[in-house]
Amino acid sequence: MLKVTLQQTCPIPLDVDLHCNNGDILALVGPSGAGKSTVLRCIAGLHSSGSGQISCADHVWFDSENKTDLKPQQRRIGMVFQNYALFPHLTVFDNIRLALTKQQQTNQHKVNDLLARVHLTGLAQRYPHQLSGGQQQRVAIARALAREPEVLLLDEPFSAVDRVTRRKLYLELNSLRHGLDMPIVLVTHDLDEAAMLADTMTVIHHGKTLQQGSPEQIMYQPDNVAVAKQVDVRNLFEGQIVKVDDRYQLHWQGVILELGQRDDVDHMQNISWAISPEKVILHQRVRPSRGEQENPVSGQIIDMLTLRGITTVLVALTVTNNIVIQMDVSKHVAERNSLEKGQDITMSIIASAIHIMKE
Amino acid sequence: MRFVLSLLLGCFFIQLHAEEINVAAASNLRYVLPVLAEEFEQTTGDHLALSFAASGTLTTQILHDAPFEVFLSANPDYVSRLIEAGRTDGDLIEFAYAQLALYAAKHSTLKLDPDLAFVTKSIDTGRLNKVVIANPKHAPYGQAAKMVLKKTGLWQSIQPYLLIAENASQAVQFTMSSAVDVGFVPYAHVIQPKLKTMGKFVKLDSRLPQQAVLIRGASDAAQQFVNFLQTDAAHHILSEHGFIVETKE
Amino acid sequence: MDWQAFEVSIKLALLTSISLLPIGLGLAYLLANSKFFGREVLEAAITLPLVLPPTVLGYFLLVGLDSSSFFGAWFVSLTGHSLAFSFSGLWFASIIYSLPFAVQPMLRSLESIKPEIREAAWCSGLSKWRTFFKIELPLAWPGIVTAMVLSFSHTLGEFGVVLMIGGNIAGETRTLSIAIYDSVLAFESAQATSMSLILLGIALVSVTIVFIFNRSRSRLVQL
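Protein chains in written order, with numbering that gives the first Met the number 0: chain V, 0 to 358; chain Y, 0 to 248; chain U, 0 to 222.
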């Protein structure tokens, strides 16, 4: 179990609190400059923050209170750098062998075992410049594992390769991790990557960790607007809660949305809210769907974008000062209903899918 | 910009009008020559541009068309070289004799004597540091020093202690180092007030002929200077500065 | 042909470049990997001999570090000789004089190693020393060889400083460049020519070696 708390004001501000269980992948997500790599470097011992504590497997690696600050060599870490940082003058075999622990140095087979684990058997005598990007990344992982680390740190390890290779590497990492029982911290700015690989995710912005939870929690139920913005939540709006009898309403730009009975809101509360574009339901002309009358809104289609069978429709709502709401429908539904720009349509905003965030 | 340019050009032309005589002189003349030049300037109005260097260096430069008009050297070999190469105008004149001296800076504990007995004694007791002479291969003061050492039979025994300076001026400079006990230097240098107060000296029995020769293509003013060197006024200055002048001839 | 002077020159150049290996490497490593106050001042100080006329250095060594001075006296106690007029003095002077020729190439090649590579070594468990010997040194090797060859050739051609503090002692401070100078002054042109050609030949060969070596090895470091 890896536990990290860090605070500092310079060179970049940090206010970090995260943890990762053995065998889990923690994705550290945020925009460039948010501090993700700095956090990783602190865990590795390459940077010392002003104050905080880092412990892994019950070993305290950093503790500002009692001035503990172990050097990277004294911590059992495996780090994969963004550009892999392989030793260019050594063969793949020697790159890995150099990282072996003292006990394993004499073990003839250890390097070959590691190579087999990352599916690079047969390439032991090649030099890094003779390898493809994906192969280099795998050597970097093998080298990181050679040390029998207590935590595996990956600094945007997929950013340097093309998409096709990246997919392959995702699958490889996924199968590899099942044989590993250490915490794995993955730094990435790619939300899809995080959603695909991570068991738990932490959003970091301007050096501050905003929320840690499963990817579903974070992306569909962000705690607050700051997190929502980081995970690219679409249909993010502001509104006010009004209680009528024993039910709640959401007053939004002149539209009244019925929320039904909820226990997460109060009367006269100013809140932000979001709804997944998948839960904005088109009132189909051809085939009316159930729940059609729930929270109806109308507007005009101003744009449409299709990606892999899903059409995102941008609709300017008439009542609300032309605020744009996004609606995702499958491509064939869009075709069946002859959706096109300039068309007037009505939609339902499903109450149970409305996610409320306090300021 | 154009104003500056024409100003510079103007200065250049003004320069050309005054007679400036380029003189190449061996470095042992560095104290006496400026005084001679000033005297000459006062009487004729012509200005001397003086260049001091080792005679060998100057000879090579002149052989390669350096724009000197007069060459003053203590080494007759170099002068005859120039004459043989057809670089000169007229005959050489010997205008003075330079003298050799022993000089020991303040830090030196040696007691100097002109017969170099102190050297023998120091070598015997093993208490001699370095002894500096100018390079006998090409510097006249070095050759003179070597002759003196050979004459007193010390040339071989002094070898382990010998330092060779590039020229007489550097020989003087080296005597200032605390690693050097004594040097064979121009007498004209040691009688200068500065050096006089910084050490002790003794004159040696040695004469180095100082020759002057006109370089081919020299101006009349240059000839005037060479003539001036043989006047009483020049003789007076030269002997004041440690040179011997033969007033006959 | 003054073979004794040739021997002195070669000996001086060899000893100087060998001495500059640890000295230059140490300084280059310090400048490449640490950020400390006055770092630029140190780098400027090391580069100084490049731009100063050798006469300035010679003057300083002759007068400023005279045996009566503190450092001069220490030098005498250490080596048995004064700083001026001795081979050890020339050796000392050459180290200073050729220092930038050693440090600059080493520094540039150490700097060209990406910091991640050092960090990866540390994270893989290598101590700073092991990282230096197994990773940085092999990668900086072309720069180090360049530094050695350049300081060798540079010392071989040293003249101004030797002229000022050498004292032209046969077998000790009479280097080939001084011998050439004396021959020229004494109008011994045949001697001067043959000695000059030898120096020229050595300089040409050594600089060519540097270029060839760099071209073949530098590919690796570009990764």
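Hints listed in this document are in silico derivations from the structure and should not be mistaken for laboratory results. Using N, Cα and C, we set each Cβ at its ideal position, and we do this for glycine too. Accuracy of the hints is not assured; some may be wrong.
Unchecked claim - Simulated DEER-style distance windows between Cβ atoms: (1) 114(U) <-> 31(V): 17 to 27 Å; (2) 76(Y) <-> 95(U): 30 to 40 Å; (3) 203(U) <-> 43(Y): 52 to 62 Å; (4) 54(U) <-> 40(Y): 48 to 58 Å.
What the hints assert, rightly or not - Far from chain V, by Cβ distances over 10 Å, these chain U residues were calculated: (5) 29; (6) 124; (7) 213.
What the hints assert, rightly or not - Distance condition first, Cα-Cα at most 30 Å in a straight line; then the derived DSS-like pairs of lysine-lysine: (8) 34(U) <-> 109(V); (9) 127(U) <-> 109(V); (10) 195(Y) <-> 120(Y); (11) 136(Y) <-> 113(U); (12) 330(V) <-> 133(U); (13) 133(U) <-> 101(V); (14) 228(V) <-> 66(V); (15) 133(U) <-> 207(V); (16) 105(Y) <-> 202(Y); (17) 149(Y) <-> 136(Y); (18) 207(V) <-> 70(V); (19) 110(Y) <-> 145(Y); (20) 195(Y) <-> 136(Y); (21) 145(Y) <-> 202(Y); (22) 127(U) <-> 66(V); (23) 133(U) <-> 2(V); (24) 10(U) <-> 109(V); (25) 34(U) <-> 66(V); (26) 34(U) <-> 340(V); (27) 133(U) <-> 70(V); (28) 10(U) <-> 70(V); (29) 193(Y) <-> 105(Y); (30) 101(V) <-> 113(U); (31) 127(U) <-> 101(V); (32) 127(U) <-> 113(U); (33) 228(V) <-> 278(V); (34) 133(U) <-> 167(V); (35) 207(V) <-> 113(U).
Starting from the hint list further up, note which numbers the structure goes against and sort them upward. 4, 6, 8, 11, 12, 14, 15, 23, 24, 26, 28 and 34
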